[in-house]
Every structure is written in C-alpha cells, then in structure tokens.
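Could you put the whole structure together from the sequences, leaning on the hints where they help?
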Amino acid sequence: MQQIHEEQQIVDALESNDRVLLFKNSTTCPISSAAFEELRAFDQENSTVPILYLNVQESRELSNYVAKEWRVKHESLKHF
50 MQQIHEEQQI
60 VDALESNDRV
70 LLFKNSTTCP
80 ISSAAFEELR
90 AFDQENSTVP
100 ILYLNVQESR
110 ELSNYVAKEW
120 RVKHESLKHF
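Using my numbering, read the sequence shown as starting at 50 and increasing by one per residue.
Please note: incorrect hints may appear among the correct ones.
As the list claims (entries may be wrong) - Simulated restraints, written as ranges between beta carbons of each label pair: (1) V60 x E107: 12 to 22 Å; (2) A83 x Q52: 11 to 21 Å; (3) E55 x V121: 10 to 20 Å; (4) I80 x M50: 16 to 26 Å; (5) V121 x Q52: 10 to 20 Å; (6) Q51 x Q106: 13 to 23 Å; (7) K117 x E94: 28 to 38 Å; (8) S65 x W119: 15 to 25 Å; (9) K117 x Q93: 25 to 35 Å; (10) L63 x E110: 10 to 20 Å.
Just so you know, the hints here were simulated from the structure itself, not pulled from any lab data.
Note that the structure is predicted; figures quoted are calculated from it, not measured.
All C-beta atoms, glycine included, are put in the ideal place defined by N, C-alpha and C.
Now the structure itself:
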C-alpha cells in the first residue's frame, strides 16, 4: 500500500498498471478505519494490484481532485 499526496502519483500509477485500487480514508471514521485495516490485510495476501490511499483530512485537495475526476464523492466507503 502506498499513501499518496499528489495527483501525479495517481496518474503515474494508472499509466504503469492495468488496475489500481484507490482508497479514500477518513482518519476520524471508525468504519473507514476498519475498512482500511481489512484493505491492509488484503494487500499483504494479494499484492498483484497496486493499492493507493489518501487520508481525506490530510489531503483535501487531492480528495477533491479524485471526486471531480472520477465523479466519486467521499460520502461512504467506496473503491473503484
């Protein structure tokens, strides 16, 4: 798993991989925290798909970029 902070990191990952999993994590939501731990366990067992994540509170601009670029708001747990 790789924490991202910049748009270019997403662009680079998409250019060099067929599939990428992006997780928008809320550090204040217990449901998001639980999902993050499950995702971390999944990554340890299935490392074939790159997993990127951003912490919404720390990277608000990047979170907004993802919401705009892929029309995915941070309302509930999602992966795409």
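### Structure-inconsistent hints, enumerated in ascending order
No hint contradicted; all consistent.
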